[in-house]
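Asker: Chains as they are written, first to last, in my numbering: chain A, 31 to 511; chain B, 31 to 511.
Please keep in mind that the hints were generated in silico from the structure rather than gathered at the bench.
Note that this is a predicted model, so its numbers are computed, not measured.
It is possible that part of the hints are untrue.
As the list claims (entries may be wrong) - Pair by pair, the computed Cβ-Cβ distance ranges are:
1. A/Ile211 to B/Glu46: 52 to 58 Å
2. B/Glu474 to A/Gly352: 57 to 63 Å
3. A/Gln212 to B/Arg183: 37 to 43 Å
4. B/Lys346 to A/Lys180: 54 to 60 Å
5. B/Glu46 to A/Gly97: 36 to 42 Å
6. A/Gln487 to B/Ser156: 54 to 60 Å
7. B/Arg360 to A/Lys180: 48 to 54 Å
8. A/Gln487 to B/Lys346: 42 to 48 Å
Stated by the list, open to error - In the PhoX-like style, the derived pairs of lysine-lysine whose C-alpha atoms are separated by at most 20 Å in a straight line are:
9. B/Lys459 to B/Lys503
10. B/Lys459 to B/Lys471
11. A/Lys94 to B/Lys354
12. B/Lys349 to A/Lys91
Just so it is clear, CB atoms sit at the ideal spot from N, CA and C, and this is done for glycine as well.
2 protein chains.
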Amino acid sequence: MSKNDKQFVQEITPMEVDFAQWYTDTILKTDLVDYSPVKGFMVIKPYGYALWENIQSFLDKRFKETGHKNCYFPLLIPESLLTKEAEHVQGFAPEVAWVTHGGNKELEERLCIRPTSETIICSMYSKWLKSYRDLPYLYNQWCSVVRWEKSTRPFLRTSEFLWQEGHTLHETYDEAEKETIQMLNIYKEMCENLLAIPVVTGQKTENEKFAGAEYTYTIEALMHDGKALQSGTSHFLGQHFTKAFDIKYADREGKLAFPYHTSWGASTRLIGGLIMTHGDNRGLVLPPRVAPTQVVIIPIAAQKGNVMEKVDEIYKLLKARGVKVEVDDRANYSAGYKFNDWEMKGVPIRIEIGPKDIENNQASLFRRDLLTKGSVSLNNIEEEVINLLDDIHNTLLNKARKMYEEKTSTVTNYDEFKEVIEAKPGFVKAMWCGETECEKKIKEDTNATIRCMPFEQEHLGDTCFCCGKKAKKMVLIAKAY
Amino acid sequence: MSKNDKQFVQEITPMEVDFAQWYTDTILKTDLVDYSPVKGFMVIKPYGYALWENIQSFLDKRFKETGHKNCYFPLLIPESLLTKEAEHVQGFAPEVAWVTHGGNKELEERLCIRPTSETIICSMYSKWLKSYRDLPYLYNQWCSVVRWEKSTRPFLRTSEFLWQEGHTLHETYDEAEKETIQMLNIYKEMCENLLAIPVVTGQKTENEKFAGAEYTYTIEALMHDGKALQSGTSHFLGQHFTKAFDIKYADREGKLAFPYHTSWGASTRLIGGLIMTHGDNRGLVLPPRVAPTQVVIIPIAAQKGNVMEKVDEIYKLLKARGVKVEVDDRANYSAGYKFNDWEMKGVPIRIEIGPKDIENNQASLFRRDLLTKGSVSLNNIEEEVINLLDDIHNTLLNKARKMYEEKTSTVTNYDEFKEVIEAKPGFVKAMWCGETECEKKIKEDTNATIRCMPFEQEHLGDTCFCCGKKAKKMVLIAKAY
Numbered sequence: 031m032s033k034n035d036k037q038f039v040q041e042i043t044p045m046e047v048d049f050a051q052w053y054t055d056t057i058l059k060t061d062l063v064d065y066s067p068v069k070g071f072m073v074i075k076p077y078g079y080a081l082w083e084n085i086q087s088f089l090d091k092r093f094k095e096t097g098h099k100n101c102y103f104p105l106l107i108p109e110s111l112l113t114k115e116a117e118h119v120q121g122f123a124p125e126v127a128w129v130t131h132g133g134n135k136e137l138e139e140r141l142c143i144r145p146t147s148e149t150i151i152c153s154m155y156s157k158w159l160k161s162y163r164d165l166p167y168l169y170n171q172w173c174s175v176v177r178w179e180k181s182t183r184p185f186l187r188t189s190e191f192l193w194q195e196g197h198t199l200h201e202t203y204d205e206a207e208k209e210t211i212q213m214l215n216i217y218k219e220m221c222e223n224l225l226a227i228p229v230v231t232g233q234k235t236e237n238e239k240f241a242g243a244e245y246t247y248t249i250e251a252l253m254h255d256g257k258a259l260q261s262g263t264s265h266f267l268g269q270h271f272t273k274a275f276d277i278k279y280a281d282r283e284g285k286l287a288f289p290y291h292t293s294w295g296a297s298t299r300l301i302g303g304l305i306m307t308h309g310d311n312r313g314l315v316l317p318p319r320v321a322p323t324q325v326v327i328i329p330i331a332a333q334k335g336n337v338m339e340k341v342d343e344i345y346k347l348l349k350a351r352g353v354k355v356e357v358d359d360r361a362n363y364s365a366g367y368k369f370n371d372w373e374m375k376g377v378p379i380r381i382e383i384g385p386k387d388i389e390n391n392q393a394s395l396f397r398r399d400l401l402t403k404g405s406v407s408l409n410n411i412e413e414e415v416i417n418l419l420d421d422i423h424n425t426l427l428n429k430a431r432k433m434y435e436e437k438t439s440t441v442t443n444y445d446e447f448k449e450v451i452e453a454k455p456g457f458v459k460a461m462w463c464g465e466t467e468c469e470k471k472i473k474e475d476t477n478a479t480i481r482c483m484p485f486e487q488e489h490l491g492d493t494c495f496c497c498g499k500k501a502k503k504m505v506l507i508a509k510a511y
Numbered sequence: 031m032s033k034n035d036k037q038f039v040q041e042i043t044p045m046e047v048d049f050a051q052w053y054t055d056t057i058l059k060t061d062l063v064d065y066s067p068v069k070g071f072m073v074i075k076p077y078g079y080a081l082w083e084n085i086q087s088f089l090d091k092r093f094k095e096t097g098h099k100n101c102y103f104p105l106l107i108p109e110s111l112l113t114k115e116a117e118h119v120q121g122f123a124p125e126v127a128w129v130t131h132g133g134n135k136e137l138e139e140r141l142c143i144r145p146t147s148e149t150i151i152c153s154m155y156s157k158w159l160k161s162y163r164d165l166p167y168l169y170n171q172w173c174s175v176v177r178w179e180k181s182t183r184p185f186l187r188t189s190e191f192l193w194q195e196g197h198t199l200h201e202t203y204d205e206a207e208k209e210t211i212q213m214l215n216i217y218k219e220m221c222e223n224l225l226a227i228p229v230v231t232g233q234k235t236e237n238e239k240f241a242g243a244e245y246t247y248t249i250e251a252l253m254h255d256g257k258a259l260q261s262g263t264s265h266f267l268g269q270h271f272t273k274a275f276d277i278k279y280a281d282r283e284g285k286l287a288f289p290y291h292t293s294w295g296a297s298t299r300l301i302g303g304l305i306m307t308h309g310d311n312r313g314l315v316l317p318p319r320v321a322p323t324q325v326v327i328i329p330i331a332a333q334k335g336n337v338m339e340k341v342d343e344i345y346k347l348l349k350a351r352g353v354k355v356e357v358d359d360r361a362n363y364s365a366g367y368k369f370n371d372w373e374m375k376g377v378p379i380r381i382e383i384g385p386k387d388i389e390n391n392q393a394s395l396f397r398r399d400l401l402t403k404g405s406v407s408l409n410n411i412e413e414e415v416i417n418l419l420d421d422i423h424n425t426l427l428n429k430a431r432k433m434y435e436e437k438t439s440t441v442t443n444y445d446e447f448k449e450v451i452e453a454k455p456g457f458v459k460a461m462w463c464g465e466t467e468c469e470k471k472i473k474e475d476t477n478a479t480i481r482c483m484p485f486e487q488e489h490l491g492d493t494c495f496c497c498g499k500k501a502k503k504m505v506l507i508a509k510a511y
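Put together the whole structure using the sequences plus the hints.
Answerer: Right under this line is the structure:
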């Protein structure tokens, strides 16, 4: 071990030993994030922010393709606006941050930092909307929100996080419902096609829906440790807010009508899901389409012969094909250190090139997902790499699907449920009567929650697994982040 | 006048009558922005936000090309951090918003909403930086900031605005100085190549520099009404903050050293500058490269023959060449209404196509910058349009340059200055002794300020125009936003 290798004390606690510590070690040691001087607030470092930029770019493109435009509403919301929709204020008031002084003066009315923007946006929509001709309103904003959290973990639950929030108005119930589903499907598409995370789509229970919504749709993913992660939500708000904020328009018959309303959001929490779906004991495993660096080229014996020349040639070939490629030619680190470093950072493909490789017109190629090393001909290395990136994406998605299946159980009675939820962390499928009482009991007894009523329903029996009464819905239950 | 034309009461006060009212009418009636329920805070509507997205995209690309990476630091800064650099806190403390309560509890320490992020970023840099090998730090963040303002105007001065703030650390004084200049030049490039706004580059006086900076570079633009607009600043912070925040690293000799520090920012204020540089009495005039819609096609007698077919054909031709094109086929508005509407919105090119045009294998083409109408052959319309967009950009830039020259005067004594600054609004060039006393006197007497000491110095005489002592620098003076 060289002197530099000794500095490489980047130990990550094995996930089997302590999953939470594995997560913390991984995010800190790969420079994704850091704790800030304000408790519960995180600093997103460049490597972490690049992941967010890739998520943003995927979503923003899809939002625009589906007719949405971006805009920006104020950070601060007057208390009187926050309290206009009764359920909403109940849900959010306990967790907001209050601004009481501005420019050395006490404010006449407290302002909260937006925990979400329905109220301020509705106050503007109410001013703007006149006629059915103006509809639909299809607006989105990218911003940060603040929700004062007691116990926080970077990306997963923080007092400030970055997100997008879409807020749309429609003439009809049907059109708003279609929008709610459309946006949920875009989240699902992003999870599967960009992040290689399989998700279940479904509806939240009354108890778990957004404060002020008629109903909430969700995508739920499953993490390595068998816990669920709510990864995006799309709310059908009906006329709850449009009535509370008096948003009216002249309809096709010239009568005043209230529009139907949706909102939908996805946040930096997705980065937490990405880490806990694919990561392993060496650190991050990044799916190629979201990876800030897809390929790293490491010259071996760089000082010899034409090594750097060849490295540069391959770098340019890959770059020209749109591959995100980097060369690690740091002189003060050993090859072994670099291998560990890039593996920990989850870069999908590592290419090593030394004098011997060049003699044989080949390069070594390491796949982070399978931890396998092979060789690749230099003749068509760019084609090989591009195909391999797709293959790695699919391999990771399939692996995650398999994990999801292995960690999903079915139960028909409460004893079975209590045993399974402890013994085999993951999703539990069960038939449910639809009553809040059973939902509460489940949570009190096991700390697990009904994650959703999946759109893809199965018939597992006729009675509620909890109370034995007539079952209404199949639900997916899990302990969750 | 049709019934719909009557609805088109979109009067804009002529700028000669009341420039401030012209500005307000223009921004509100073109749907760029609206006032929000919180005094001094604006809502950026989709058409305004699209301008910001184009500015962002230009700058972000250039930042990345010059090696910068994006990251995200918390919205809230503890009071104890804000106060660490003495000049900085003096400058910013009077205008911050204070969060005193979070999650229903009073906080132990007040937190301010970032007015700028030097302090919180330095607190993190101090934790991260170890060795000269880690340098330079080249980081940027896109976010909103809050500075409590007494009198506000959308885009130009608001209590919250969107911006980017770059924060870099360097080994040497020279390298940091080069960075400061490089980023200022990127702002200048953006103003000229994207916004078609000519700018002067120069250094701020001691009095006008950023609170905590060693010196501040600025780009200054001139508006239609002869007032100056500071449009971007780049600060050489030296070791002021790195010493206050104890940011130290092991240098090449293994000794502890403080790095040199820069920060630089540009904001949504640029949109105000864009409007006031190019706008006219019909409303906005948007330079093509920043225009959300570059070309609008208006079908005439759309119901007849193959009009819509031809419109669609041209739309696709332009779209395929990357032109941002829209078709206005609203049935409930007259052609005249649409002409006014798109002119007011500043769309650079309007194409009209009716049955007669098609017979003659041509279309009518209206240039918003010159208010001229001509015809264009349908054979190579896409080439014509693409060339014309460049021509419009250049025409607007040249027009703005001419305005700048016409509104710039030279004075050699104080009486002359006082007369010129009132009689001929614009930049005044003069020789200055460098003393704060003269600077204060100018401001007190005329409300004008020294905008900068231009990099391109001219020798206009040997004595200060104000006090008659030995002159040190040529300065540019103006009333400013």
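Asker: Each hint needs a verdict: does it hold in this structure or not?
Answerer: Hint by hint, here is what the structure shows:
1. A/Ile211 to B/Glu46: 52 to 58 Å: Once the Cβ atoms are compared, 54 Å apart, the range 52 to 58 Å for glutamate 46 of chain B and isoleucine 211 of chain A holds.
2. B/Glu474 to A/Gly352: 57 to 63 Å: 59 Å, holds
3. A/Gln212 to B/Arg183: 37 to 43 Å: 38 Å, holds
4. B/Lys346 to A/Lys180: 54 to 60 Å: Holds: the Cβ-Cβ distance is about 56 Å, inside 54 to 60 Å.
5. B/Glu46 to A/Gly97: 36 to 42 Å: 40 Å, holds
6. A/Gln487 to B/Ser156: 54 to 60 Å: Cβ of glutamine 487 of chain A to Cβ of serine 156 of chain B: about 55 Å, so the range 54 to 60 Å holds.
7. B/Arg360 to A/Lys180: 48 to 54 Å: Given a distance of about 52 Å, which is inside 48 to 54 Å, the answer is holds.
8. A/Gln487 to B/Lys346: 42 to 48 Å: 44 Å, holds
9. B/Lys459 to B/Lys503: With Cα atoms ~10 Å apart, lysine 459 of chain B and lysine 503 of chain B stay inside 20 Å; holds.
10. B/Lys459 to B/Lys471: This hinted pair holds, its Cα atoms lying about 16 Å apart.
11. A/Lys94 to B/Lys354: Since the Cα atoms of lysine 94 of chain A and lysine 354 of chain B sit roughly 14 Å apart, the hinted pair holds (cutoff 20 Å).
12. B/Lys349 to A/Lys91: 16 Å, holds
Of the numbered hints stated above, none is contradicted by the structure.
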